[in-house]
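So the sequences go chain by chain: A, B and C.
Our numbering numbers the first residue of the first sequence as 1 and each following residue consecutively.
Our numbering numbers the first residue of the second sequence as 1 and each following residue consecutively.
Our numbering numbers the first residue of the third sequence as 1 and each following residue consecutively.
Just so you know, these hints were derived from the structure itself, not from any lab.
It is possible that some hints are incorrect.
To be verified - Pairwise CB distance ranges, derived in the manner of DEER restraints:
#1 B:LEU91 with C:ARG65: 40 to 46 Å
#2 A:MET249 with B:GLN40: 35 to 41 Å
#3 A:SER77 with C:ARG17: 19 to 25 Å
#4 C:TRP11 with A:LYS79: 32 to 38 Å
#5 C:ILE31 with A:SER16: 31 to 37 Å
Said to hold, decoys possible - Sample of chain A residues with no beta-carbon within 12 Å of chain C, all distances over it, derived:
#6 ILE3
#7 ALA31
#8 HIS55
#9 ASN67
#10 SER77
#11 LYS79
#12 GLY117
#13 MET169
#14 ALA171
#15 GLN189
#16 GLN196
#17 HIS214
#18 ASN228
In this text, a Cβ means the ideal position worked out from N, Cα and C, and glycines have one as well.
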Amino acid sequence: MSIQVSLKAFRYQAGSKPRFERYQVTVPDDANVIDVIEAVWSQHDRTLMFRHACHHASCGTCAVRLNGYEKLPCIVSVKEALAGREEMVIEPLRNFPLVGDLVVEVVSFFQKQAASGMVITREAEPSLDGQPYQRSEVFAEDGTLDDRPYNRFENCIECGICISACPTMSATDKFFGPAGLAAIHRAIQKTDDHRQKSWLLALADGEQGVWRCHSAFECTEACPQNVNPAEAIMALRRELIANKVKKLMRG
Amino acid sequence: METQMDNAAARVPAASWAWIWQAITGLGLVVLLALHMVAQHFVAEGGIRDYADVVAYLRNPLIVVLELLFLITVTAHALLGVRTVLFDLGLSDSAEKRVTQALWGVGVLTVGYGFWLTWVITR
Amino acid sequence: MRTDSKPRRVWQWGDVRQRKVGTWAYALNRITGLGLVLYLYIHLGVLSMLVGGPAAWDPFIKVVRSPLFYTLDVILIAGWLIHGLNGLRVTLTGIGLALGAQKALFVGLMVVAAIGLIIMAFMVFRS
């Protein structure tokens, strides 16, 4: 069974004014939004710029705003996107410089991720030695890693959705951002090195760190992978305040 | 062994002070504003004071302390809030420093004005 | 490469379309906060009339006992009820307490604010 879809897409090329263009495509009725974008590209306009890779929410590449809200179009069904609407609207993420159409520039985002030394990996995958993990093996109470030979995975797929959703990120690129701060929190949990922990905490405590968050909680709300950046930011704040109180007591 | 990072942190006030004081003054205001409202509008006859009532009200030193404490707390909270809104504009590091200094100035002037006004009325 | 214009980015926090409860709370707190700062300085300015003694102050008090000013007072009360109660939520959740309940907390506190507002509006107009 197929379905006819109307898509209103944000179009922009360097040197010209941004605009919206409308397209009509036919896709299978169980298709996801990424299929619509690809159908537009293959049938109507091969100049349409967009990112796509894994098609199953592992890579974070395709993140856009769908009907005004941040989504991974690879896992949103066409039916859901068109619920109560004549057409679906697709725009690039907010708070990133625009490269063209739906593609945004993510260099400074990745620089902030790299600052905490985060490697992209995910919780639920099997180990490098082929043996599946018991949860108790993967996580100690304090979140530190067990020493089996494995490629450990984190929830964050670095899609940038939290950055787009965050109101603090809108006018200032300097803010570390929810993804960056959540990464710092995870990096602190992953290391036993006290100097490294201190250094990471100081990074979170900096002028562009946890104190710039205004508690909109949009990051946690929009995150497609349960990273819960808001919780990470507040956990960092608690640790920082506890340290300051301790320092005050010691005098 | 002190690193450059430790030295830097020692020289500059931590970014956390603004948030922490915003929270402390905010909590303080929940109490102080309630007291101010009660003292101004429930205790006073008809809910508002004419000049003679104001002078009589301020004769009580406890009241003066309360109202000045309220002024200091609300001014601090207000200007810390303004600072946050301005910083969200994405200012340069030096502009942020200047904004902080300017707001300190406004705060001192505001509280100073309050002290002066109280003195003028009660002398 | 293009970024959104600076004016757009400066006011973007107020664009609550398609955003969730957390953004509504944040925008409301910012708007009421800025309104209250304005009120603070108007109020402090008005108090300078006390320097002129009863001849300056008492006529002003008569003006203030009017439906227009009572209405302005009710708007002011709404402002600090919303800002104060939501501020409690921001402080709590801001150190990670009751994070999971942040949405319910906002709704609940705004209900309290509404009830408080009705009661106080009644008291203002009755006085």
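Each hint tested on the structure:
1. As the Cβ distance of B:LEU91 to C:ARG65 is approximately 44 Å, the hint placing it in 40 to 46 Å holds.
2. Distance hint check: the CB atoms of A:MET249 and B:GLN40 are about 39 Å apart, consistent with the given range 35 to 41 Å.
3. A beta carbon spacing of about 23 Å between A:SER77 and C:ARG17 agrees with the range 19 to 25 Å that was offered as a hint.
4. Range check, C:TRP11 to A:LYS79: Cβ separation about 34 Å, and the 32 to 38 Å hint holds.
5. Checked against the hint of 31 to 37 Å, the C-beta distance between C:ILE31 and A:SER16 comes to roughly 36 Å, which is consistent with it.
6. Under the 12 Å C-beta cut-off, the non-interface status given to A:ILE3 relative to chain C holds; the minimum distance is some 24 Å.
7. Non-interface call for A:ALA31 relative to chain C: holds, since the shortest CB-CB distance, roughly 23 Å, exceeds 12 Å.
8. Distance check on A:HIS55: its Cβ is at least 25 Å (rounded) from any Cβ of chain C, clearing the 12 Å threshold; non-interface status holds.
9. Listed as a non-interface residue, A:ASN67 fails to keep its Cβ farther than 12 Å from every Cβ of chain C; the least gap is roughly 7 Å.
10. The non-interface label for A:SER77 is consistent with chain C: the shortest C-beta to C-beta separation is roughly 19 Å, beyond 12 Å.
11. Chain C leaves A:LYS79 outside its interface by the beta-carbon criterion, the shortest separation being 19 Å against a cut-off of 12 Å.
12. For A:GLY117, the condition that its CB be more than 12 Å from all CB atoms of chain C holds, with the nearest at approximately 24 Å.
13. Look at A:MET169: its CB is around 9 Å from the nearest CB on chain C, not clear of 12 Å, so calling it non-interface is violated.
14. For A:ALA171, the condition that its CB be more than 12 Å from all CB atoms of chain C is violated, with the nearest at approximately 4 Å.
15. Non-interface call for A:GLN189 relative to chain C: holds, since the shortest CB-CB distance, roughly 15 Å, exceeds 12 Å.
16. Consistency note on A:GLN196: stated as away from chain C, and its beta-carbon is indeed over 12 Å from all of that chain's, at 23 Å minimum.
17. Consistency note on A:HIS214: stated as away from chain C, yet its beta-carbon is not over 12 Å from all of that chain's, at 5 Å minimum.
18. The beta carbon of A:ASN228 is not kept farther than 12 Å from every beta carbon of chain C, the shortest such distance being approximately 8 Å.
Hint check: violations occur at hints 9, 13, 14, 17 and 18; the rest are consistent with the structure.
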